[in-house]
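Chains as they are written, first to last, in this note's numbering: chain L, 1 to 182; chain Z, 1 to 416.
If you're looking for bench data, these hints aren't it; they were derived computationally from the structure.
Keep in mind that the hints are not guaranteed to be accurate.
Simulated crosslink set (DSBU-like; lysine-lysine; CA at most 35 Å straight-line) [said to hold, decoys possible]:
1) K97(Z) / K10(L)
2) K123(L) / K100(L)
3) K176(L) / K76(Z)
4) K67(L) / K100(L)
5) K123(L) / K67(L)
6) K9(Z) / K97(Z)
7) K97(Z) / K7(L)
8) K76(Z) / K67(L)
9) K76(Z) / K97(Z)
10) K76(Z) / K123(L)
11) K176(L) / K100(L)
12) K9(Z) / K392(Z)
13) K9(Z) / K10(L)
14) K67(L) / K176(L)
15) K392(Z) / K76(Z)
16) K176(L) / K123(L)
17) K76(Z) / K100(L)
Listed below are several chain Z residues computed to face chain L (Cβ distance under 8 Å; list not exhaustive) [to be verified]:
18) Q69
19) I77
20) Y84
21) Y93
22) E95
23) T96
24) L114
25) A117
26) L118
27) S122
28) F125
29) E128
30) S132
31) V141
32) P144
33) I148
A short list of chain L residues far from chain Z (calculated; beta carbon distances all over 10 Å) [stated by the list, open to error]:
34) T4
35) R15
36) N34
37) L45
38) Q70
39) R73
40) L98
Predicted, not measured: the structure shown is a model, and the values here were computed from it.
C-beta: ideal position from N, C-alpha, C; glycine also.
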Amino acid sequence: MRSTIEKLLKSTVARYVAIVALPLLALLYSPILNFTILALGERVLLENVPVDPWDFLRGDYVMLDYKISQIPRALLYSASGGKEDYDYDRPAEVYVELAKNPSDVASVRAVSFTRPTDGLYLKGRLGYSRGESYDCDYGLGVFYIPEGTGHTFENPVQEGRVMADVRVLMGHAVIKNLVIAD
Amino acid sequence: MERRVSEVKRRFLADESREWVERGLISEFQRGGILECYAVVRRLPTVVLTLGLLMIGIGILSFIAANWQVIPDWLKIAIIIGCYLADVGGAYYSETKGRRGVSGLLLFLSGFLLLGALALISQVFHVEGSASGLLAVWLLVYAPTFLIVRNISIYMLYEIVVLVYVNMLYFEYFDSANRYGFWDEFRLILGPWQPFVLLILLVGLAWQVWADARLVANVPGETGESKIKRFFVGGSTRRIFLSNFLILNWFTWMCVLNSTQTSFLPYVLSVLVAGALIGFMAWKLDAPDLGWQSLLLVGASGLTLTFPWAWYWHDGHHSGDGYLAPVLSSVALGAYLVYRIMRRQRGGGFSVFLFCVLLARWYFNMFETFTSKSLFFVTGGVILLLIAFAYKRWNKISGEKEVSASEGGDGDEIDD
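One chain only, chain L, in its complex shape (with noise of 0.2 Å):
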């Protein structure tokens, strides 16, 4: 086995080919993912709450953090069948099914801690609670803009004015876009 692969990487084209394998992998896993959800998925529209920005490496950004990551302790203690401690599950995958307005604004209707079926859902890490509700996370929370224009997103993030364009496929979601309300 040991001299089957010394033998291999003798051969310098095998030698790159595994140097370059991996790395290419990784580096298409995500744009194939997300350039899929952003052509097939549902359009949503979530509503934030007010926050703000910047990021060492890769520049300026709007933190979000939206109306649906929380979750009332009402709609998981039903989910769960009555248990009432969630953090001693922890790191809890949930699934948060959504509604939608005739305007695509997205509110939450239920959750779940199995996959739906069908339907419009995200999936979520439940993180700690706050009161009557529980933080969940959907890796929704930045969203990149060109340096120096933080400004046009200041205000309308304070005030709550902004929300983003989701598209959601199969409990995955990618930003397309932010939408700032008048």
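Starting from the known structure of chain L, arrange chain Z on it as the hints suggest.
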């Protein structure tokens, strides 16, 4: 035609040849002739150059990243992946042409490109990821390059990222607001798949230990002490990496599992003690490579102590007065590094690098919020390059003085 050698080799030759003259093997005239055949090459400290160029690179990269909204997403991805493939393709071409040095350099650069590419692709899709997650992916996908290519720069880059990654996990653990138990928190921080990265790393490293242990066992007539020395010091860079990795993590695990404090301080101090112990071993075993490791650990923990959060004790109380402890730590570390540089000890280039990081740490602290990011990085890079040139100049002048004092002025020098 003179042969170009490093200052260390030239000094060794001068010492050895003096011994030969004393033993009557060669005459003083012959010694002079031999020494004249070798010219000292003084290089800029590579690591400082790399850091300076890297900061300029990050500045340019972040400028592009922040201002390329006009380019369609698919084209951004193509440019990012294209840059990486062009770099690895260049390495392949160089290797087929027999230029292994250039190929190694390009593969080393591919590590940075890969890290930047992963970060930029996640930016294109507004993915909110953790820094430890990014490093875990990088460690996984860059592992074949690390294992296949025997290049000291790649090895060093990988070692540093492993140490940063493991320490980042500990810091995230300490940073979490409500600890339920180490393993629960470990799962929470890592997610379901990151432990596999650690597992792959550990299996790969264990394999190296086994191979090295067999190598040690197969040397006939060797004493126990020299076996230990060979095992810890050896010639294999991966073994050095391993001993470093294991010693550091033994200390940190002991510290984490036994500490009831919600503080970084015991952890950071344990790394400092580990560095000091390795330094003691370096002195006791006369092993310069261990001295280098010691410098790495003392430098890393010393730099950590320059941050106020490293000094917080349990219940959020500060063990010192605001910036007093960090400033004192900076002064102590700076003095230690300057002492090493002035004494011209082995690893002088790395001491300069750590000194630059120390300066960069305060540069970040003071100017990061006042300037635009691209200007900030480019200015920082230029300052580091200036320090590198100043070090080279000082090294040349002091080296000339020493050579002329001890050798009567023999030994030409070449700038590279």
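Verification of the supplied hints:
| no. | hint | result |
| --- | --- | --- |
| 1 | K97(Z) / K10(L) | holds, 16 Å |
| 2 | K123(L) / K100(L) | holds, 17 Å |
| 3 | K176(L) / K76(Z) | holds, 16 Å |
| 4 | K67(L) / K100(L) | holds, 13 Å |
| 5 | K123(L) / K67(L) | holds, 15 Å |
| 6 | K9(Z) / K97(Z) | holds, 30 Å |
| 7 | K97(Z) / K7(L) | holds, 21 Å |
| 8 | K76(Z) / K67(L) | holds, 32 Å |
| 9 | K76(Z) / K97(Z) | holds, 31 Å |
| 10 | K76(Z) / K123(L) | holds, 28 Å |
| 11 | K176(L) / K100(L) | holds, 17 Å |
| 12 | K9(Z) / K392(Z) | holds, 18 Å |
| 13 | K9(Z) / K10(L) | holds, 33 Å |
| 14 | K67(L) / K176(L) | holds, 18 Å |
| 15 | K392(Z) / K76(Z) | violated, 40 Å |
| 16 | K176(L) / K123(L) | holds, 18 Å |
| 17 | K76(Z) / K100(L) | holds, 33 Å |
| 18 | Q69 | holds, 5 Å |
| 19 | I77 | holds, 5 Å |
| 20 | Y84 | holds, 7 Å |
| 21 | Y93 | violated, 10 Å |
| 22 | E95 | holds, 6 Å |
| 23 | T96 | holds, 6 Å |
| 24 | L114 | holds, 5 Å |
| 25 | A117 | holds, 6 Å |
| 26 | L118 | holds, 7 Å |
| 27 | S122 | holds, 6 Å |
| 28 | F125 | holds, 4 Å |
| 29 | E128 | holds, 4 Å |
| 30 | S132 | violated, 14 Å |
| 31 | V141 | holds, 4 Å |
| 32 | P144 | holds, 5 Å |
| 33 | I148 | holds, 5 Å |
| 34 | T4 | holds, 15 Å |
| 35 | R15 | violated, 5 Å |
| 36 | N34 | violated, 4 Å |
| 37 | L45 | holds, 15 Å |
| 38 | Q70 | holds, 17 Å |
| 39 | R73 | holds, 17 Å |
| 40 | L98 | holds, 19 Å |
In summary, the structure is inconsistent with hints 15, 21, 30, 35 and 36 from the numbered list given earlier, while agreeing with the others.
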